[in-house]
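Reassemble the complex: the two chains are provided individually, in unrelated frames, and hints are given to aid placement.
Chains as they are written, first to last, in the numbering used here: chain S, 1 to 111; chain B, 1 to 113.
Just so you know, these hints were derived from the structure itself, not from any lab.
Among the hints, a few may not be true.
[Stated by the list, open to error] Think about it this way: if two alpha-carbon atoms lie no more than 27 angstroms apart in a straight line, the pair counts; the simulated DSSO-like pairs of lysine-lysine are:
1) S/110 - S/41
2) S/68 - S/41
3) S/110 - S/68
4) S/3 - S/56
5) B/57 - S/41
6) B/57 - S/3
7) S/56 - S/41
8) S/56 - S/68
9) S/41 - B/13
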Amino acid sequence: ELKVEQNPLFLSMQEGKNYTIYCNYSTTSDRLYWYRQDPGKSLESLFVLLSNGAVKQEGRLMASLDTKARLSTLHITAAVHDLSATYFCAVASGNNNDMRFGAGTRLTVKP
Amino acid sequence: KAGVTQTPRYLIKTRGQQVTLSCSPISGHRSVSWYQQTPGQGLQFLFEYFSETQRNKGNFPGRFSGRQFSNSRSEMNVSTLELGDSALYLCASSLPGHNTEAFFGQGTRLTVV
Numbered sequence: 001e002l003k004v005e006q007n008p009l010f011l012s013m014q015e016g017k018n019y020t021i022y023c024n025y026s027t028t029s030d031r032l033y034w035y036r037q038d039p040g041k042s043l044e045s046l047f048v049l050l051s052n053g054a055v056k057q058e059g060r061l062m063a064s065l066d067t068k069a070r071l072s073t074l075h076i077t078a079a080v081h082d083l084s085a086t087y088f089c090a091v092a093s094g095n096n097n098d099m100r101f102g103a104g105t106r107l108t109v110k111p
Numbered sequence: 001k002a003g004v005t006q007t008p009r010y011l012i013k014t015r016g017q018q019v020t021l022s023c024s025p026i027s028g029h030r031s032v033s034w035y036q037q038t039p040g041q042g043l044q045f046l047f048e049y050f051s052e053t054q055r056n057k058g059n060f061p062g063r064f065s066g067r068q069f070s071n072s073r074s075e076m077n078v079s080t081l082e083l084g085d086s087a088l089y090l091c092a093s094s095l096p097g098h099n100t101e102a103f104f105g106q107g108t109r110l111t112v113v
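One chain only, chain B, in its complex shape (with noise of 0.2 angstroms):
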């Protein structure tokens, strides 16, 4: 069974560029979660999706917005970079429904330089 698919793995874009990262969910989970890691803020909520609707937004500002395709596939932008914006994002995919787990693709490391 694949798992959660993040790409690219690794980017380097310089500042007031845009950029768009990809998850792939595990075949037949239909919520995809984004967050933020970085060394100083930890794992921050940016937003889910679920059956192509954002469900919930985290306390990010409105340069970060995402969408989710009829496969369950995501994307998330991030408009106009910041050097702050440098950290490991990830994506989390679970099964619909209440409690249930959710696993982590590995990531996309950017740099914003």
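Looking at chain S on its own, in the form it has when it is part of the complex (with noise of 0.2 angstroms):
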């Protein structure tokens, strides 16, 4: 059975500190995916990872897949307190779109 864990679940950092949140999954998977999700709202997608060594990179945000490792990073850049959200990754494999969630990292920045 796939499972996905993330780490850390809950992340308190600072504004202007940089930090990075780790995504393993246990089998052979397609695509990566990483969501934001805000307290009561939906989910946001971010990147879409598709090959190994896949590197993407949104503003302040850039995400990268090992599918040799099994291992997503989603590294934080020099934080800023509109970056607080509950951040997802997800695998799926083949034509299905059966995406597995990691438990979320719950990120908190501060002034």
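Spelled out as structure tokens, the structure:
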């Protein structure tokens, strides 16, 4: 059974600092997603990573994928308060859109 | 371009009742997936529909069912509601094919009392 593990589950950081969220998955998957969720809201798509070595960046967020290690990272650069949210990674395979999610990382950025 | 639309946004039901939730995907998206989100279990996959056929199903009891119509709109139904069914139900739509991005609706918040 595919398992997706994120760490840390909770992250409190100061504005201006850098940090990385890790996402490990247990079996081969074709693609990995990162989503953001604000309290009481739906999921906002951040990145879709499709191949080994893929790297994508948007603003202060950069995601990478190592399919051999079954590991994806979401790196936060110079955090700002607006990045406070819960971040989820999810994996899927084949033509199915059956995504298996990690537990989420609740990020709080403090002034 | 309109996003994924879920109705209703909020719902309160009594134990034992049944409920139907609706999801209208982005125009042109033929794949619709449903997820349940709870504080204890996180985000769990319910089922996926593509071209009116259930393509995959998660580990949920038979009380949870769904369908997809020819216009790709999807409904999910939960019968004999239990308190533990209280959750945020999210649907996601995507274009056909491999390696496509999935977009989520705002969700339906179901409370069972």
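Verification of the supplied hints:
A hinted pair counts as satisfied when its Cα atoms are at most 27 angstroms apart, and residue 110 of chain S with residue 41 of chain S qualifies at roughly 21 angstroms. Note on residue 68 of chain S and residue 41 of chain S: the hinted pairing is violated, with a Cα-Cα distance of about 34 angstroms set against a maximum of 27 angstroms. For the proposed pair residue 110 of chain S and residue 68 of chain S, the alpha carbon gap of about 35 angstroms is over 27 angstroms, so the pair is violated. Simply put, residue 3 of chain S and residue 56 of chain S have alpha-carbon atoms about 23 angstroms apart, close enough for the 27 angstroms limit, and the pair holds.
At roughly 25 angstroms between alpha-carbon atoms, residue 57 of chain B and residue 41 of chain S fall within 27 angstroms of each other, so this suggested pair holds. A hinted pair counts as satisfied when its Cα atoms are at most 27 angstroms apart, and residue 57 of chain B with residue 3 of chain S qualifies at roughly 16 angstroms. Only pairs whose Cα atoms come within 27 angstroms are accepted, and residue 56 of chain S paired with residue 41 of chain S is accepted, the gap being roughly 24 angstroms. Between residue 56 of chain S and residue 68 of chain S, the direct Cα distance comes to roughly 18 angstroms. Compliance with the 27 angstroms bound is thereby established for this hinted pair.
Restraint check for residue 41 of chain S and residue 13 of chain B: the C-alpha separation of about 21 angstroms stays at or below 27 angstroms, so the hint holds.
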